[in-house]
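Sequence lines, in order, name chains A and B. Taking my numbering, the leading residue of the first sequence gets 1, the next gets one more, and so forth. Taking my numbering, the leading residue of the second sequence gets 1, the next gets one more, and so forth.
I should point out that these hints are in silico values taken from the structure, not numbers from a laboratory. No residue lacks a Cβ here, since even glycine has one placed at the ideal position from N, Cα and C. Any given hint could turn out to be false.
Simulated DEER-style distance windows between Cβ atoms [stated by the list, open to error]:
id, chain 1, residue 1, chain 2, residue 2, range
1, B, 356, A, 33, 49 to 55 Å
2, A, 31, B, 365, 36 to 42 Å
3, B, 314, A, 33, 40 to 46 Å
4, B, 361, A, 58, 38 to 44 Å
5, A, 60, B, 288, 29 to 35 Å
6, B, 191, A, 62, 36 to 42 Å
7, A, 72, B, 358, 43 to 49 Å
8, A, 63, B, 365, 43 to 49 Å
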Amino acid sequence: MSEPDETLDCRGQRCPLPVIQLARRLPELPVGAVVRVLADDPAAAVDIPAWCRMRGQEFLAAHPDAYDVRRIR
Amino acid sequence: MNAAPVYLDAASAAPLHPVARQALLAALDDGWADPARLYGQARRARQLLDAAREAAAQALGVRADELSFTPSGTAAAHAAVLGGLAGRRRVGARLVHSAIEHSAVLHATERHVSAGGTAVSVPVDRLGRLDLDAWAAAVAAPGVALAALIGASHEVGTVQPVPTAAERCAEAGVPLYVDAAQLAGRAPLPAGWSVLSASAHKWGGPPGVGLLVVRKGTRWESPFPADERESGRTPGVVNLPAVVAAATSLRAATADAAAEAARLAPLVDRIRARVAAEVPDVEVVGDPVDRLPHLVTFSCLYVDGEALLHALDRRGFAVSSGSSCTSSTLRPSHVLEAMGVLSHGNVRVSLHRDTTEADVERFLAELPGIVADLRAEAGVIGL
Chain A
1 MSEPDETLDC RGQRCPLPVI QLARRLPELP VGAVVRVLAD DPAAAVDIPA
51 WCRMRGQEFL AAHPDAYDVR RIR
Chain B
1 MNAAPVYLDA ASAAPLHPVA RQALLAALDD GWADPARLYG QARRARQLLD
51 AAREAAAQAL GVRADELSFT PSGTAAAHAA VLGGLAGRRR VGARLVHSAI
101 EHSAVLHATE RHVSAGGTAV SVPVDRLGRL DLDAWAAAVA APGVALAALI
151 GASHEVGTVQ PVPTAAERCA EAGVPLYVDA AQLAGRAPLP AGWSVLSASA
201 HKWGGPPGVG LLVVRKGTRW ESPFPADERE SGRTPGVVNL PAVVAAATSL
251 RAATADAAAE AARLAPLVDR IRARVAAEVP DVEVVGDPVD RLPHLVTFSC
301 LYVDGEALLH ALDRRGFAVS SGSSCTSSTL RPSHVLEAMG VLSHGNVRVS
351 LHRDTTEADV ERFLAELPGI VADLRAEAGV IGL
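Looking at chain A on its own, in the form it has when it is part of the complex (with noise of 0.2 Å):
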């Protein structure tokens, strides 16, 4: 997997708050920029990917613990 501009530690963290950390980091980077969150909350998985769809923002790929998101907007 390609490297990330920013990584997020979200390990530990129950949802919502990595999707909160996410929010308030990447409209901060660059458009293009990519983050890439690590969270072991399993709601993440599905919770990462669903803000990128009501944020416009592109989902970019789900590793194990880590998802990449990156700021088209």
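Starting from the known structure of chain A, fit chain B onto it as the hints suggest.
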């Protein structure tokens, strides 16, 4: 501030129907004997049991000898799955099921797989509708002993295309089991199934009574050590007073079902529309049209589901949630996961015969402020 509590979790357990209470009390006096014995009290108990079976069968449109009472809806679901598989073990050991079955069906599936069987989970779309192409391919594969499809989702309310799914099963010669827990007593049953289960406390009967229906000619074999009770389909003496109350209330609920659906469906539509319009960043989930008349589900972005349930409870509203923080396993609802919809901040509201328009209006009036307060506490406003 101390307004009357508003109970909005009928999909877990509906309040006891008044006729169920009457029947239960009468049967406690009259139906305590063992219906299998040969004396006066037993004959009276047998009459009550036969009449209850006849009434329940009539309400569901099945034959009385096809219907057995079980100790719960869960026990009926386990028997439906494992008995349907056992009856066709010569054909194969594969179970096909939707990804959004009730946990009772999935637990029976786990048992089947751990005993060496196989299972295929068929996906649903974002609205929670079965993927019929994938279903057709799965049931047509060799070695399928049974297919299981929930009649309507207990979590998001989406009604499943059972008649079409049943046709695909019939073409493949595979019997279909339908979990009708949210349909019985509320909506007409779909056509085409071979095995069906339901649960009395979902329609206003008492807890501790399930229904298992096995149609004539279906290959089904009890997965339990069998005795002579309930045509050998469920072992042990039934809780006869509760069974009588269950059957009486099923008949009453079925008689009122069309009128209740016509009354509740617009309230559900109102909740769907108003929540979407008045709570920012909310995802109202489930099929907007093909849905149960009494159940609605939505997820609030950035809100902790457990905190939301507690906040609603403090204001007198009883609802349930599919969010991971509200489950004992700390996993999100497999139904929301299969649909790919937001799982945190999730609320399921389910209405019943005592729910009034004023109850719904009070819920709709208070919800936006409750969600806003929780978001303000969490510092997530404007994200």
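Results for each hint:
1. A beta carbon spacing of about 51 Å between residue 356(B) and residue 33(A) agrees with the range 49 to 55 Å that was offered as a hint.
2. In this structure, residue 31(A) and residue 365(B) meet the distance hint of 36 to 42 Å, their C-beta atoms being roughly 40 Å apart.
3. A hinted range of 40 to 46 Å for the beta carbons of residue 314(B) and residue 33(A) is consistent with their spacing of about 41 Å.
4. About 40 Å separates the C-beta atoms of residue 361(B) and residue 58(A), a value consistent with the hinted range of 38 to 44 Å.
5. Here the CB-CB span from residue 60(A) to residue 288(B) is close to 30 Å, well matched to the stated 29 to 35 Å.
6. In this structure the supplied range 36 to 42 Å holds for residue 191(B) paired with residue 62(A), their Cβ-Cβ distance being about 40 Å.
7. Distance hint check: the CB atoms of residue 72(A) and residue 358(B) are about 46 Å apart, consistent with the given range 43 to 49 Å.
8. Taking the beta carbon of each, residue 63(A) and residue 365(B) are about 44 Å apart, inside 43 to 49 Å as hinted.
When each numbered hint is compared with the structure, no violation occurs for any of them.
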